[in-house]
Amino acid sequence: MSDVHSDIDLDTWPHLFTPGSSPDAPVVLTLHGTGGNELEITALAEAVAPGAAVLSPRGRVSEGGANRWFRRLREGVFDVDDVIARSGELADFVAAARARYGLVDAPLTALGFSNGANIALATALLHPHAVGRVVAFSGMYPFGDRDPIADDLPVELLLLNGEADAMAPAASVDVLEQRATDHGASVTRLTRPGGHGIIGPEVQAAKEWVAD
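Residues 1 to 212 (the working numbering) make up the sequence shown, in order.
These are calculated hints, taken from the structure and not from any lab test.
We put the beta carbon where it would ideally sit given N, CA and C, even for glycine.
Hints should not be assumed to be uniformly reliable.
Stated by the list, open to error - Label-pair ranges, simulated between beta-carbon atoms:
id: 1; residue 1: Arg189; residue 2: Trp13; range: 28 to 34 Å
id: 2; residue 1: Arg179; residue 2: Asp7; range: 26 to 32 Å
id: 3; residue 1: Gly184; residue 2: Pro107; range: 18 to 24 Å
id: 4; residue 1: Glu208; residue 2: Glu163; range: 19 to 25 Å
id: 5; residue 1: Asp151; residue 2: Arg189; range: 18 to 24 Å
id: 6; residue 1: Val104; residue 2: Trp13; range: 14 to 20 Å
id: 7; residue 1: Tyr101; residue 2: Asp7; range: 15 to 21 Å
id: 8; residue 1: Gly76; residue 2: Pro14; range: 37 to 43 Å
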């Protein structure tokens, strides 16, 4: 099992917070991919949800010096115990950040790419009180052959994937869509030609979905 602790100290967790354009602005939680950081993904938040407050933490797992959100055993094979533990840690981070930055009642959407999409999905599926909406760019099912998801999930997921993505295979996205739907989540899935990454039409689709 993971050695993650539930006590969250925002002062020791690298993150950025940018207030929204108005006091009642929604919040976007941005979650970078492997090797990314809390700085580079904030531009995506502005493109998808202009004027929203942006809460952007850094993944605290290191893989060869690259920032990640959870451990993996090898490419495409996740340490599921660590996924589950880290999702709880992220849920605690969200609660602490809401309290510090005056965001207790603001609607929140998680916006993640690749590894960041996977931790966003895991957190929504296990801790819907913390993350109720997810835009997942190039994400996949984060729990391997397990199904730890509770029923009656009050969450909404937008899945944006390339049909030839070897890093987030369509078969895994199929499992994600089916299991999330079976447990009560509302799932919208958009598939495009190509592989791992983000393209302009996906950003536009995400913007329209978030605004809806």
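Checklist line | Violated hints - listed by number, lowest first | finding: 8
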